[in-house]
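2 protein chains.
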Amino acid sequence: MSADLSAVKVLVFDVFGSVVDWRGSIERDLSAWGKTNHIQADWGGLALAWRSLYQPKMQQVRSGQRPWTLLDDLHRESLEELLPKFGLTTLAPDDLDHINRVWHRLDAWPDAIAGLTRLKSKYVIGPLSNGNIALLANMAKHAGLPWDLSFSTEWFKAYKPMPAAYLGVAQAMNVKPSEVMLCAAHNDDLKAARAQGLKTAFWPRPTEYGSAQTKDFKAEESWDIVATDIRDLAHQLLN
Amino acid sequence: MSADLSAVKVLVFDVFGSVVDWRGSIERDLSAWGKTNHIQADWGGLALAWRSLYQPKMQQVRSGQRPWTLLDDLHRESLEELLPKFGLTTLAPDDLDHINRVWHRLDAWPDAIAGLTRLKSKYVIGPLSNGNIALLANMAKHAGLPWDLSFSTEWFKAYKPMPAAYLGVAQAMNVKPSEVMLCAAHNDDLKAARAQGLKTAFWPRPTEYGSAQTKDFKAEESWDIVATDIRDLAHQLLN
Numbered sequence: 000m001s002a003d004l005s006a007v008k009v010l011v012f013d014v015f016g017s018v019v020d021w022r023g024s025i026e027r028d029l030s031a032w033g034k035t036n037h038i039q040a041d042w043g044g045l046a047l048a049w050r051s052l053y054q055p056k057m058q059q060v061r062s063g064q065r066p067w068t069l070l071d072d073l074h075r076e077s078l079e080e081l082l083p084k085f086g087l088t089t090l091a092p093d094d095l096d097h098i099n100r101v102w103h104r105l106d107a108w109p110d111a112i113a114g115l116t117r118l119k120s121k122y123v124i125g126p127l128s129n130g131n132i133a134l135l136a137n138m139a140k141h142a143g144l145p146w147d148l149s150f151s152t153e154w155f156k157a158y159k160p161m162p163a164a165y166l167g168v169a170q171a172m173n174v175k176p177s178e179v180m181l182c183a184a185h186n187d188d189l190k191a192a193r194a195q196g197l198k199t200a201f202w203p204r205p206t207e208y209g210s211a212q213t214k215d216f217k218a219e220e221s222w223d224i225v226a227t228d229i230r231d232l233a234h235q236l237l238n
Numbered sequence: 000m001s002a003d004l005s006a007v008k009v010l011v012f013d014v015f016g017s018v019v020d021w022r023g024s025i026e027r028d029l030s031a032w033g034k035t036n037h038i039q040a041d042w043g044g045l046a047l048a049w050r051s052l053y054q055p056k057m058q059q060v061r062s063g064q065r066p067w068t069l070l071d072d073l074h075r076e077s078l079e080e081l082l083p084k085f086g087l088t089t090l091a092p093d094d095l096d097h098i099n100r101v102w103h104r105l106d107a108w109p110d111a112i113a114g115l116t117r118l119k120s121k122y123v124i125g126p127l128s129n130g131n132i133a134l135l136a137n138m139a140k141h142a143g144l145p146w147d148l149s150f151s152t153e154w155f156k157a158y159k160p161m162p163a164a165y166l167g168v169a170q171a172m173n174v175k176p177s178e179v180m181l182c183a184a185h186n187d188d189l190k191a192a193r194a195q196g197l198k199t200a201f202w203p204r205p206t207e208y209g210s211a212q213t214k215d216f217k218a219e220e221s222w223d224i225v226a227t228d229i230r231d232l233a234h235q236l237l238n
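These protein sequences, in sequence, are chains F and Z.
Residue 126 in numbering that gives the first Met the number 0 sits at position 127 of the first sequence; the count goes up by one each step and never skips.
Residue 105 in numbering that gives the first Met the number 0 sits at position 106 of the second sequence; the count goes up by one each step and never skips.
It is worth saying that the hints were derived from the structure and are not from the lab.
Fair warning: this is a prediction, and the values are worked out from it, not measured in the lab.
A portion of the hints provided could be inaccurate.
In this list, chains with the same sequence are indistinguishable; a pair is considered to hold if it fits within one copy or across any two.
[Unchecked claim] In silico SDA-like links for lysine to any residue, alpha-carbon gap of 25 Å or less:
{"no.": "1", "residue 1": "K121", "residue 2": "H234"}
{"no.": "2", "residue 1": "K121", "residue 2": "L4"}
{"no.": "3", "residue 1": "K217", "residue 2": "A191"}
{"no.": "4", "residue 1": "K217", "residue 2": "S30"}
{"no.": "5", "residue 1": "K119", "residue 2": "D106"}
{"no.": "6", "residue 1": "K8", "residue 2": "P55"}
{"no.": "7", "residue 1": "K121", "residue 2": "R100"}
Just need the whole structure built from these sequences, with the hints factored in.
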């Protein structure tokens with residue numbers, strides 16, 4: 000560990016894709032649910048199409064075009080827009096509620112819980128995620144993520160990569176930005192965090208988007224730590 | 000467990016006095032520190048005098064007489080006001096910082112961690128405390144409190160017993176107030192929570208103030224649960 004990381008006290012994690020496998024989880028969860036309920040669809044395709052609307056929807060909020068809107072509500076809008084394409088227009092409202100809440104039921108990547116548990120022995124750890132507070136709490140319960148506390152960007156009313164999201168963590172914890180490290184599998188998120196003075200840690204999730212993946216196969220800047228996964232991040236920070 | 004508690008999903012805990020022993024912890028921590036640093040004072044008396052300024056200082060914020068101010072800063076003001084009375088006027092700023100942060104280093108009552116750990120298996124658990132975010136995070140780390148997430152009233156900019164503090168939890172978790180239970184050793188806190196529709200659980204901490212204790216020896220209303228301590232609360236909710 001390089002000397003200038005010795006001041007780091009708080010580790011915040013990007014969650015979707017970095018800590019949990021949203022694509023695989025959604026495909027598994029909804030395939031099982033569809034089987035039970037005799038509803039056939041390309042659930043893996045839905046997951047990818049759904050996620051592709053994630054940034055455009057948040058951008059409407061970031062730009063000020065619309066007021067603060069929870070990710071649960073943005074997800075619901077996107078889902079409804081996609082129903083015709085996936086032949087799901089006959090679903091009941093309760094079914095749509097259940098499908099929309101699949102984002103609360105994502106599973107961790109296999110290394111995540113062991114790595115986070117080790118890191119928790121030394122650092123305050125939490126998500127810094129655009130997922131809303133309830134989503135992150137339910138996901139942590141579902142996946143067994145051992146967070147100390149939750150930095151949903153809902154608290155800051157500023158979706159990443161807006162500076163207020165990263166600076167909000169440092170302010171809330173009463174530490175300097177350089178005492179906070181953003182840990183993520185996405186170069187863009189880390190760039191935005193570094194621009195606000197946070198430390199940075201990267202590991203790749205090369206199957207996050209399956210065969211549709213086009214980026215984030217490797218570190219694009221000299222991040223403070225480049226790891227193979229969260230277990231390796233713990234190894235590098237604690238040894 | 001009565002039937003109408005079956006909908007409860009989130010347990011939020013008052014912390015100072017209910018989960019952690021602030022008086023005993025401050026006396027132990029500062030006595031040890033004073034001994035090491037050859038500073039003698041009535042540390043137990045300081046703890047009580049300090050805490051007696053807690054409600055008046057917050058009331059200045061609640062009333063709108065002054066803007067939102069973190070509990071760390073209110074504590075610091077109160078401490079400085081008390082220094083002459085306790086013969087501590089010659090302390091250096093670093094010493095005062097260390098003393099003020101004793102509120103980050105409070106120990107749990109003996110039943111708390113076992114009880115919370117059991118409750119966490121079924122419920123989302125977190126503090127709902129007037130302690131600021133950093134204070135609660137550091138305290139949880141120090142005392143080993145296994146919170147899922149933290150509802151510092153700093154997030155809501157509303158000190159308990161203002162309604163916004165209790166309602167803020169339900170709103171953030173996207174549940175009804177009746178799906179949240181406030182768990183506390185203080186009748187006044189529970190009264191304010193019940194007025195907003197939250198469920199309520201009480202246990203006494205008859206030594207919180209030592210021989211100076213004048214209230215909260217027993218339940219003053221028919222709270223939804225009356226327990227002997229947090230371990231018993233877990234027993235009642237989970238069995």
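So, going through the hints one by one against the coordinates:
In this assembly of identical chains, the alpha carbons of K121 and H234 lie at most 25 Å apart only when taken from the same copy (12 Å versus 31 Å across copies). When the C-alpha separation of K121 and L4 is checked against a cutoff of 25 Å, the pair qualifies only within one copy, where the shortest distance is 13 Å, while the shortest distance between copies is 37 Å. Proximity of K217 to A191 under the C-alpha cut-off of 25 Å is restricted to the intra-copy arrangement: shortest distance 17 Å within a copy versus 52 Å between copies. Proximity of K217 and S30 under a CA criterion of 25 Å is satisfied in neither setting, with 31 Å inside one chain copy and 52 Å between copies.
Taking CA atoms no more than 25 Å apart as the test, K119 paired with D106 passes in both settings, with 19 Å inside one copy and 19 Å between copies. For the identical chains of this complex, K8 and P55 are neighbours neither inside a copy (33 Å) nor across copies (33 Å), given an alpha-carbon limit of 25 Å. In this assembly of identical chains, the alpha carbons of K121 and R100 lie at most 25 Å apart only when taken from different copies (19 Å versus 33 Å within one copy).
Going through the hint list in order, the structure does not satisfy hints 4 and 6.
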